[in-house]
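> Order-wise, the sequence lines are chains A and B.
Numbers 4 to 205, taken from the working numbering, label the letters of the first sequence in order.
Numbers 146 to 354, taken from the working numbering, label the letters of the second sequence in order.
Derived from the structure by calculation, the hints contain no laboratory data.
You can take every hint at face value.
Here are the computed lysine-lysine pairs in the DSS-like style, where the Cα-Cα straight-line distance is at most 25 Å:
(1) A:Lys127 x B:Lys201
(2) A:Lys186 x A:Lys127
(3) A:Lys87 x B:Lys201
Remember, it's a predicted structure, so these values are computed and weren't measured experimentally.
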Amino acid sequence: MAEIPAETDDELLLRMRSGDEQAFTALYRRRQAAIYRFALHMSGSAATAEDVIQEVFLALIRDDCGYDPERGTLAGYLFGIARKLLLRQLERRQADVPLEAGEEDSVLPERAARPDPLAALTRKEGFAALRRAVETLPPRYREVVALCDLEEVDYAEAAFVLGCPVGTVRSRLHRARALLLEKLHQDRHPRLDALDPARSLI
Amino acid sequence: MTCQEFWSTMPELEGEAAPEAAAHGRECTACAAVLNHHGALAAGLRGVAAEWGRLKAPGRVEARLLAEFRGQAGLAAPPPARRWWSPVLAWTAAALVVAAAFLLFAGRVRQPRTPANTAAGAEAAVTDWGAFLPAEMAGDASAGEFIPLPNADRLPQDTDLNVVRVEVPRSAMIALGYSVAADRASERVRADVLMGSDGLARAVRFLDE
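Bound-form chain A, shown alone (with noise of 0.2 Å):
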């Protein structure tokens, strides 16, 4: 018997708009996982993550926002409204660490390869490491990473999201990922064998 297809999100947004619960209850349950892991990874902080989460389906709820499916994904939008609050809430923090850098300065590969201290860490720590130093990226660059490498959403998406074009994302995501290598090895943390599963073992 061939399986019913699941409901679009724009589906069930029509009859979540009708004043289904039902609908709006699976909408929610399919979209906040990963909008929620995404407020956790740019602000750090679970309390934090959890208004965001919550003012991001208020704001679906109340229609506040005006989504059009024409212009990108439901999906796309609620990452926006939640970018948005992050954005606001980190400029009244005013937590970003000056990492300076232009935009699409490229990261000279001589520094990146500088040898690494040859710790013997557990991939458990090589996670945190690299968690903590994505924390500390400047934020247009800590959401291009939480987007596309911890959410995997993919380049045109994220574009969407953060209202650039797709080159703007690439170019971004480089650049992130440069200055990853160089605060990890700045911070003479683990190897970066010690990320890589597979070579962990050897």
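Fit chain B to the supplied structure of chain A, relying on the hints for placement.
Coordinates of chain B only, in the frame set by chain A:
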């Protein structure tokens, strides 16, 4: 291709590098090493993503949003889910209450055995209060004699008498001629009160003298 040109192609973001970039990646050991690090970094990011993949918003957020949604849509909150055992529990509780009420009624307000609905019986009732008591009350060793209350002789004769067991402060015994120590006046004592069908008390006896 120079190293600068190689990195401008953002090879770490590509699944498969263009032939020229791939050739540079093989020939330039410095770029190959950095590309290797990028590979490790990408694996690490996938690891972090997997580690955090199960995280989701706390359940209370959904509850708050649902309340807001209902308010916005003008919906009433659904009734709480009925569980199969709740009617069973309700009926059992009701049955227990009825049984307890019956036992209480039978114990406290049992009709005393009337000797007979005759004038002679009525006469006996006035003088022999114990004959009106239920068997378990009559045989109560701790009980004293029934004492007619001061106004009992002015009440009409009544053979339809009830006994009600109550608790009163010990100080209530003073009015009937008992001596009560001041330090025990507030203690509570059990008493049987003989009530007529008119609801007026005829006599009383104390069980904890």
